[in-house]
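S.K.: From just these sequences and the hints, can you work out the full model?
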Amino acid sequence: FVVPTTIAPRYSPSHKSIASPGGTGVKYLESVPYKIEFTSQVEKFDQHIVSISSPSHPTKIDCNNEDMFLVTLSQQDTALDRDIIIDIELSDIRSNTIAAIDNNAVMISFIPSEQDCRQDLNNVMNEFFLVIDCSGSMSGDDKIGLACRAMLLFLKSLPVNCRFNIIRFGSHFSALFTDQVTREYNK
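Sequence positions in the sequence shown follow our numbering and run 1 to 187.
Don't read these hints as lab results, they were simulated from the structure. Cβ atoms here follow ideal geometry from the backbone N, Cα and C, with glycine treated the same way. Treat the hints with care, as some may be off.
Restricting the straight-line Cα-Cα distance to at most 35 Å, the calculated cross-link-like pairs of lysine-lysine (DSBU-like) are [unchecked claim]:
#, residue 1, residue 2
1, K143, K187
2, K35, K60
3, K187, K156
4, K156, K143
5, K35, K143
6, K60, K44
What follows is a list of derived Cβ distance ranges for each label pair [claimed, not checked]:
#, residue 1, residue 2, range
7, L153, A175, 30 to 38 Å
8, N96, P33, 38 to 46 Å
9, I111, R149, 19 to 27 Å
M.R.: What follows is the structure in C-alpha cells.
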C-alpha cells in the first residue's frame, strides 16, 4: 500500500530532490516543515500474512492483537517528505481482497480472480471512471500528452453499453459529464 503525503511539496524545480524508495517514481524534497504521526491497523481476516514491512520508513509492528497488526512509524513527528509505503506479504493461500483501516481512512486492494475474469461480462453493466491528474506536477516531459494518449486508449477499449465518466483534477476538479454520474458508451 502507498499512502500519498499529498500535502507535502511533490515537485519544486528550484529545490534539490532525492530519489523515491519503493519505485514510485516521485522525486521527494530533502526537507519539509510538515510532520505526521502514522498508525495503521492491518486486519488479519484469515489472510495468512507472512510479513509487514516498509521500504520508505522505519516502522514498529505490534503483533499482539489476534485480529490485527498495528503498524506505526518508529519516529514520532515524521517529516512529510515521501509517501508512506507498507508492503504486506501474503502466504501462498491468498484472498483476492485485503484492507488496511485507520481512524480516518480505509485502503482496500482487490485483484479479480481467474474465475472473476472468465465470467461472461457481456450481460453485466460495467461502470468505469478515469481520473486524470492535470495539476502542476504534470508539467514538462509531455506528461499531459501521455495522459491524453492513455485516455484515448482507455476510451477505445471500453466495452459497448458500459457506463463511464472522466474526472480531471488539479487545483479543482471537474467531470466530463456533470448532468449524471456516468453516461452510456455505445460506439
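S.K.: All the hints need checking, so say for each whether the structure fits it.
M.R.: Hints, verified against the model:
1. For the given pair, K143 sits about 28 Å from K187 by alpha-carbon distance, which is consistent with the 35 Å threshold.
2. Simply put, K35 and K60 have alpha-carbon atoms about 18 Å apart, close enough for the 35 Å limit, and the pair holds.
3. Only pairs whose Cα atoms come within 35 Å are accepted, and K187 paired with K156 is accepted, the gap being roughly 9 Å.
4. Among the hinted pairs, K156 with K143 is consistent with the structure: their alpha-carbon atoms are about 20 Å apart, no more than 35 Å.
5. The straight-line distance between the Cα atoms of K35 and K143 is roughly 30 Å, inside the 35 Å bound, and the hint therefore holds.
6. This hinted pair checks out: K60 and K44 have alpha carbons roughly 17 Å apart, not beyond 35 Å.
7. L153 and A175 have their C-beta atoms about 20 Å apart, which leaves the hinted 30 to 38 Å range violated.
8. Checked against the hint of 38 to 46 Å, the pair N96 and P33 passes, with Cβ atoms roughly 41 Å apart.
9. Taking 19 to 27 Å as the suggested C-beta distance range, the pair I111 and R149 conforms, at roughly 26 Å.
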